[in-house]
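**Q** Following the hints, position chain B against chain A.
Protein chains: 2
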Amino acid sequence: MLYFIGLGLGDAKDITVRGLEIVKQCDRVYLEHYTSILTCGKEELEILYGREVILADRDMVEQSADTILEGAKESDIAFLVVGDPFGATTHTDLVLRAREQGIPHRVVHNASIMNAIGCTGLQLYNFGETVSIPFWTENWKPDSFYDKIMKNRDSGQHTLCLLDIKVKEQSEENLIKGRKIFEPPRFMSTQQAAQQLLEIVVNKEQERGTGSVHLKPDSKVVCVARVGTETQKLLTCSLLTASQTDLGPPLHSLVIPGVLHDLEADALEMWKS
Amino acid sequence: MLYFIGLGLGDAKDITVRGLEIVKQCDRVYLEHYTSILTCGKEELEILYGREVILADRDMVEQSADTILEGAKESDIAFLVVGDPFGATTHTDLVLRAREQGIPHRVVHNASIMNAIGCTGLQLYNFGETVSIPFWTENWKPDSFYDKIMKNRDSGQHTLCLLDIKVKEQSEENLIKGRKIFEPPRFMSTQQAAQQLLEIVVNKEQERGTGSVHLKPDSKVVCVARVGTETQKLLTCSLLTASQTDLGPPLHSLVIPGVLHDLEADALEMWKS
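Protein chains in written order, with the numbering used here: chain A, 378 to 650; chain B, 378 to 650.
Excised from the complex, chain A in its bound form (with noise of 0.2 Å):
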């Protein structure tokens, strides 16, 4: 049996009673780890568990799928994923992989920033569709989430914005010369977010309107930080503050408010500073 396992949004301890009893009988623990980052370190997994845990990248998962599968059949074999272990991604290729082979799955939940994000007080069926915001480079600005964005306000919705990750990078240097050195990782912060919204918004008004839906400097939106973890941090305010605001360490997420019910509202309030 091939376990997909949630782990949750903060340490160790926020996986729940049935997976890590699963996690204790399997025969083999990978820890997915690049979509989504621990906040603890892998070696507190490894306590709590009792047992190795095998860091599976990208590499991993996409091109030696049949090591993690291997005696699949017979074993068990859990494959932990931070947050819900279809989330982010669907892990739909090792899915369909393990079908083939006649290896039957289970997934065992658990929370993720998707439905998390609840913890604003926005409800969760008031958002729209969910867009990413990469880090921009000198030369590479997408900005096609803005039109989600706006879009999603044009239907009085909220956006939830999730934040570039980047991880296992080479410089162009290392690439190009096939070395396997990785610079660190990077996280996106809300303030990075809201500068290159500002961006958007101040540099290309013209372009892009200035209606109701539109952001301007003094537009309301959400930062949040570590949701589900001790530290988390909530932060009503308008996107220029947002702009200038430093949250801590990672992971940060935006939220662009719609129009909001009363209740919505009144929870916003609590998040001002």
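None of these hints come from the bench; they were simulated from the model.
No false leads were slipped in.
Where chain A lies over chain B, by a calculated footprint (3+ residues, C-beta under 8 Å):
no.: 1; segment: 391-405
no.: 2; segment: 523-536
no.: 3; segment: 643-650
Covered, in the sense of this in silico footprint (three residues per stretch, anywhere, with C-beta under 8 Å from a C-beta of chain B), are these stretches of chain A:
no.: 4; segment: 379-386
no.: 5; segment: 393-405
no.: 6; segment: 456-464
no.: 7; segment: 472-482
no.: 8; segment: 498-510
no.: 9; segment: 526-538
no.: 10; segment: 634-647
Derived lysine-lysine pairs resembling BS3-like cross-links, with alpha carbons at most 27 Å apart:
no.: 11; chain 1: B; residue 1: Lys-597; chain 2: A; residue 2: Lys-528
no.: 12; chain 1: A; residue 1: Lys-597; chain 2: B; residue 2: Lys-525
no.: 13; chain 1: B; residue 1: Lys-610; chain 2: A; residue 2: Lys-450
Note that the structure is predicted; figures quoted are calculated from it, not measured.
For each residue, glycine too, the CB sits at the ideal point set by N, CA and C.
**A** Frame of chain A, contents of chain B only:
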């Protein structure tokens, strides 16, 4: 401290390790049981927790919140919610009331159908607004959810349809006579939801239009039952087949796909009975 603790989707063991630790050391433990439904008995929770669990119905939470909050400044109170604490309802009233009284709160997140629906293989960020399908009666057949589904499909987005739950309903007679006698709980099945959708599609074709985003009896839907439990069932079929298929005990949800990416289409093939 007031702890909001998600119980996840399955049985008692779907609480997180952290959540269980907190419940065990709290002075009082309440279980909110009107917006969602436990798939196990309260007794099963009490055995795992080693302590009493107090059922909190809507009346209690809305009218006697102070009873729940009593002593929470000095001691720890747990408020358990099936799924994620801020999934279906934000419980903002309770949070605001606690803050007014200077009682801090913390949230222990968990899976809810809002993110666990990713188990279908459909990407969460491709979902548009979530809709609720209510039980129709002889004389009351609201269908505004259909327009929302069409709006999502028009943008290529999937729609998660949450299906009606009726708990603590009173018959008209008992309501008039002021007798607190309640009907057995009712849970809408994917079969009933599909039947209501078919009625809209077939009877209102002229009024609603027949463009490509509109549903037809042979449109593809994904029926899900008991997500996150041992008896979970997923079925990809036509709307017509869904209206004729019994997926067994609750809870059910229905997904109306929008535009499918290749991997999403491959994933849905897995659930073709």
